[in-house]
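Peer 1: Here is what each chain is made of, one letter per residue.
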Amino acid sequence: MVLFLVWWFWSAGSKSLYFPPLSQILKSVWDQWVIGPARAQLATSLEHLLVGYVIAGLVGIGVGALLWSLRYLRDATSPYLYFLYVLPAPVLVPAAMTLFGIGFTMKVVLIAFAAVWPTLLNTLDGMSGVDQVKLDTARVLGVSPAGRVLRVVLPAASPQIVAGLRNSLQVAIILMVVSEWQAASDGIGYYISNAQQSFDYVGMWSSFIVLAIIGIIANLLFVAAENRALHWHYGARAVEGRNR
Amino acid sequence: MTTPGKRPGTAESTTAAPVISLQHVRKVYGGAAGEKVALADITFDVARGEFACVVGPSGAGKTTLLRTMAGLAQPTAGAALFEGTPLRSVPPGIGVVFQDYGRSLYPWLSVARNVELPLKVRGVPKAERAERVAEVLTSVGLADAGRSYPWQLSGGMQQRVAIARSLAYRPDLLLMDEPFASVDAQTRFELEDLILRVRQEFGVTVIFVTHDIDEAVYLADRVIAVSKSPGVVTEIVDITLASPRDQITTKADPAFAHYREHLLGLVMHP
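Those protein sequences? They're chains P and A, same order as listed.
Under my numbering, the first residue of the first sequence carries the number 1, and numbering increases by one thereafter.
Under my numbering, the first residue of the second sequence carries the number 245, and numbering increases by one thereafter.
Heads up, some of the hints might be wrong.
Claimed, not checked - Here are the simulated BS3-like pairs of lysine-lysine, each with C-alpha atoms no more than 30 Å apart in a straight line:
| hint | chain 1 | residue 1 | chain 2 | residue 2 |
| --- | --- | --- | --- | --- |
| 1 | P | Lys15 | P | Lys27 |
| 2 | P | Lys134 | A | Lys472 |
| 3 | A | Lys280 | A | Lys472 |
| 4 | A | Lys280 | P | Lys134 |
| 5 | P | Lys134 | A | Lys370 |
| 6 | A | Lys364 | P | Lys134 |
| 7 | A | Lys495 | A | Lys472 |
As the list claims (entries may be wrong) - One-sided excerpt, in silico: chain A residues whose CB lies under 7 Å from chain P:
| hint | residue |
| --- | --- |
| 8 | Leu316 |
| 9 | Tyr393 |
| 10 | Leu397 |
Derived from the structure by calculation, the hints contain no laboratory data.
Ideal Cβ positions, reconstructed from N, Cα and C, are used throughout, including at glycine.
Isolated chain A (complex conformation):
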């Protein structure tokens, strides 16, 4: 076993270098026919070990923002740095969970082989691959599903597979793009608690994009509110609710309602 649990940097980090640093990021699509400014001016840092949620109304360029942080898209102006280096392509230390698990999982591979793929392309030896696949599948509560195919599982279970796959190679940063938007409410609560637990277990930094303010407040250490297109950061709110969070007591906390009200105001009437 290598590096179980705690990750170097959570407590003993000497440098305060952020995992992600966005500096005046601007992204413009299209050319001569008509330009569309998806992101006008985005600046924020996310520190190691932090759980940050990005909220904004639909059309706020949230997906563009996530693609930029993943290195899948290049900013038109400004800089996007991952661990101090400008993002030119996708670095090996980033995991991404997309909203649509049906499109991001590979239906021709079994669950175990889906999870194994990033390890295979990294040249991890076979025995260790099997061990790590079993480990992450157990973490997401799918210890027995390895032989199934993704399409044989429910939506919530498929998204768990996608989460397991992006944790298998132990990224420093996990980016999540509205990952629970297409599952039912009950499953969503379960997955929210799951992601809080695995974040603790793997010591990973998480940036979670959502349009759901309750979800953002419940999960985050910090909420970054983004305005409607063209996107700018309207406010960054520190969430100081007690940890570990609990679906019933946390949401009954008067502070929860306060954060919720404040953020709702920001998103609806910026």
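Isolated chain P (complex conformation):
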């Protein structure tokens, strides 16, 4: 907040082309992004983000669970998984363009591909760490093998899965912008590079603020969902901490 005020007053009389006054930037946020033409860019980007992220989450948990349950498959695929995981996803933009063009599919595939790894690896790791006593208990209680995955393994691993989903969200937001940078005709990323190339620095700065707001809102939504889903985990941990 203080930083924001400093920025406001420091930039108030700025005549610099590169650092326009904050008042102008905020006005542009309103004019362009809230009521103006850039709203369409925002909608496009958010649609890519949402679809890509949901796919990443579902595939990450699903494939993670599959690899956990099939030891041979896990051992056979782990070098490839690692290779794909360490590959910086932005370098895949040209490949994705070649394969999928520059449209909706390419962006969603790129976001999903980059964002899947934290969730997938955390799911695998979380599931491997489930307490044997909890699994034995489930067998004794008569829970079927599929039921054991759904009722015991998934909830027991959920704190780690959620941590993975949180990292995936960050990666997805980055890839949302990057995928629109060089290979797009719309979206926030396209707007940024377009503004920069046409010397519209007010527009460029205003996109940054919009991106920050998207990040904050996405994070708030995530934390709200997390607190709801994992309230038992935080409750139990607080009790543990008190008894120590």
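Given chain P, work out where chain A should sit, using these hints.
Peer 2: Okay, now just chain A, sitting in the frame of chain P:
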């Protein structure tokens, strides 16, 4: 209400088939690197309605024995029969209470939902589930705790939840693996009396594994003493103390001291 109180078989049983029958059970762990014989040769039967305690020093393979009786582990040699059938997996008629309630209860489910789980997977209708959950929670003195989460309760209360959960589906046999080892002495006495009471109420056969000889003598109709690794049965002692047992008078009985001394000798100097 179905089958309250008495269970068919306690009095009117015509066949004398034991609930559990172990015949020369042997269990060996590990392979080429180094074999560890957990159980050398274990043979005993437990009759319907009986309360049997298995005592032995730590490292006597008691947990292995319990896992074998539960169908969670297969014997390397010999046979483990539950109601006449070899145990290949966990049969629906067995309940198990593990030592570590913190690990066996599901922290993401409320107390009532923990207890309800075995009924749910058995397809018991919703209304009956609620009824039975309330019934067993009342039996263990936790009628009002259904909405709480296990981690909000004390250790003794959590173990009561675990007991309620394994009674909810009315098993024929309840296996207990040092269930009261991690609660304080006062709570332990309360839980001992609780298990004697619910055993009567539900007419369930109990096999109770413990290293505590006082506890074994106090609870059991029969004590099965197991030797240090590799485990063999050293002696089976019939306990003929008066029932119902009482923490003060039973333990003051000279016969109690006699059993205690005898079993302590078996466990310490086999």
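Peer 1: Hints first: check each against the structure and report whether it holds.
Peer 2: Status of each hint after checking the structure:
Note on P:Lys15 and P:Lys27: the hinted pairing holds, with a Cα-Cα distance of about 17 Å set against a maximum of 30 Å. Among the hinted pairs, P:Lys134 with A:Lys472 is consistent with the structure: their alpha-carbon atoms are about 28 Å apart, no more than 30 Å. The suggested pairing of A:Lys280 with A:Lys472 holds, with an alpha-carbon distance near 13 Å, which does not exceed 30 Å. Of the pairs offered as hints, the one joining A:Lys280 and P:Lys134 holds, with about 25 Å between alpha carbons and a cut-off of 30 Å not exceeded.
Distance restraint check for P:Lys134 and A:Lys370: the Cα-Cα separation of roughly 24 Å lies within the 30 Å cut-off, and the hinted pair is therefore satisfied. Restraint check: the Cα-Cα separation between A:Lys364 and P:Lys134 comes to about 17 Å, which is no more than 30 Å; the hinted pair holds. Of the pairs offered as hints, the one joining A:Lys495 and A:Lys472 holds, with about 27 Å between alpha carbons and a cut-off of 30 Å not exceeded. The beta carbon of A:Leu316 comes within 6 Å of a beta carbon in chain P, closer than 7 Å, and the hint placing it at the interface holds.
About 6 Å separates the beta-carbon of A:Tyr393 from the nearest beta-carbon of chain P, less than 7 Å, and the hint is met. Interface restraint check for A:Leu397: the shortest CB-CB distance to chain P comes to about 10 Å, outside 7 Å, so the restraint is violated.
Of the hints listed earlier, the one the structure fails to meet is number 10.
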